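Peer 1: Chains as they are written, first to last, in this note's numbering: chain C, 43 to 164; chain B, 43 to 164.
Just so you know, these hints were derived from the structure itself, not from any lab.
Given the structure is predicted, the values throughout are model-derived calculations rather than measurements.
One should not assume that every hint holds.
Same chains, same names: a pair is fine if it fits in one copy or spans any two.
As the list claims (entries may be wrong) - In silico BS3-like links for lysine-lysine, alpha-carbon gap of 25 Å or less:
1. K108 to K150
2. K149 to K108
3. K150 to K93
4. K149 to K52
5. K93 to K149
6. K96 to K52
7. K149 to K83
Number of protein chains: 2
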Amino acid sequence: MNSKAEKELKPAIAQDYETGEVLMLAYMDEEALRLTRETGKAHYWSRSRGKLWKKGESSGHEQLVKDILIDCDEDTILLKVEQIGGACHMGYRSCFYRTINGAIVGKKVFEPDEVYGKKGKE
Amino acid sequence: MNSKAEKELKPAIAQDYETGEVLMLAYMDEEALRLTRETGKAHYWSRSRGKLWKKGESSGHEQLVKDILIDCDEDTILLKVEQIGGACHMGYRSCFYRTINGAIVGKKVFEPDEVYGKKGKE
Chain C
43 MNSKAEKELK PAIAQDYETG EVLMLAYMDE EALRLTRETG KAHYWSRSRG
93 KLWKKGESSG HEQLVKDILI DCDEDTILLK VEQIGGACHM GYRSCFYRTI
143 NGAIVGKKVF EPDEVYGKKG KE
Chain B
43 MNSKAEKELK PAIAQDYETG EVLMLAYMDE EALRLTRETG KAHYWSRSRG
93 KLWKKGESSG HEQLVKDILI DCDEDTILLK VEQIGGACHM GYRSCFYRTI
143 NGAIVGKKVF EPDEVYGKKG KE
């Protein structure tokens with residue numbers, strides 16, 4: 043299996059470096075963090091697919107990393123990024139496009155079918 | 043033991059509702075989310091202490107919740123909050139007060155010893 047123990051992964055928050063909008067949360071292992079630092083583009087560990095992925099590898103919606111912060115306990119990462127296109131596979135700028143009561147508050151910036159086609163979501 | 047399976051917990055990002063600053067990341071179980079919604083003050087599940095806690099219960103640095111967003115996969119919560127005092131037990135406004143290279147970029151807003159005394163960190 044490709045699964046990794048949860049303890050090896052750290053949640054990583056991606057935030058628009060200009061507007062402050064929180065775009066998404068994903069997980070990083072050491073390799074994802076290393077590649078992110080080396081390439082300047084956000085890489086994550088996909089828990090559902092059990093593999094490393096570069097954000098935007100199928101959509102083109104990459105995240106250009108401007109800064110990387112770490113929290114006090116060193117168990118959470120905050121990426122300040124320039125988001126190309128939208129962060130969310132549903133077509134929104136941010137994955138947080140709904141309130142907990144179901145109201146849509148986010149901005150739709152692309153049509154998922156046009157970007158992902160039949161390949162499935164990133 | 044008071045520990046909870048990781049799968050019952052969702053990461054919750056607290057963000058300043060006015061400035062957009064990401065303040066901290068903690069975890070919520072259903073009870074923490076229910077109490078947060080009912081009281082309008084952020085509650086979390088402490089993984090290290092194995093118990094529910096109200097943010098600010100020892101420091102007074104409560105988080106007044108203005109809005110609650112959920113992400114596309116419904117596995118991460120984003121709280122828009124008014125942060126009283128500082129979010130970080132180290133005395134900073136945000137727990138993300140350092141770059142990954144160790145540079146201090148955050149704003150110190152209180153002295154931990156004065157707030158927590160010998161009681162230990164919140």
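Peer 1: For each hint, tell me whether it holds in the structure or not.
Peer 2: Against the structure, the hints come out as follows:
1. For a Cα distance limit of 25 Å, the shortest separation of K108 from K150 qualifies both inside one copy, at 24 Å, and across copies, at 23 Å.
2. With identical chains, the CA atoms of K149 and K108 are at most 25 Å apart both within one copy (23 Å) and between copies (20 Å).
3. Neither within a single protomer nor between protomers do K150 and K93 lie at most 25 Å apart by alpha-carbon distance, with minima of 28 Å and 38 Å respectively.
4. In this assembly of identical chains, the alpha carbons of K149 and K52 lie at most 25 Å apart only when taken from different copies (24 Å versus 28 Å within one copy).
5. When the C-alpha separation of K93 and K149 is checked against a cutoff of 25 Å, the pair qualifies neither within a copy, at 29 Å, nor between copies, at 37 Å.
6. Both within a single protomer and between protomers do K96 and K52 lie at most 25 Å apart by alpha-carbon distance, with minima of 16 Å and 23 Å respectively.
7. Taking identical chains as interchangeable, the C-alpha atoms of K149 and K83 lie at most 25 Å apart only when both belong to the same chain, with a minimum of 23 Å there against 27 Å between chains.
Consistency with the previously given hints fails for numbers 3 and 5, ordered from lowest to highest.
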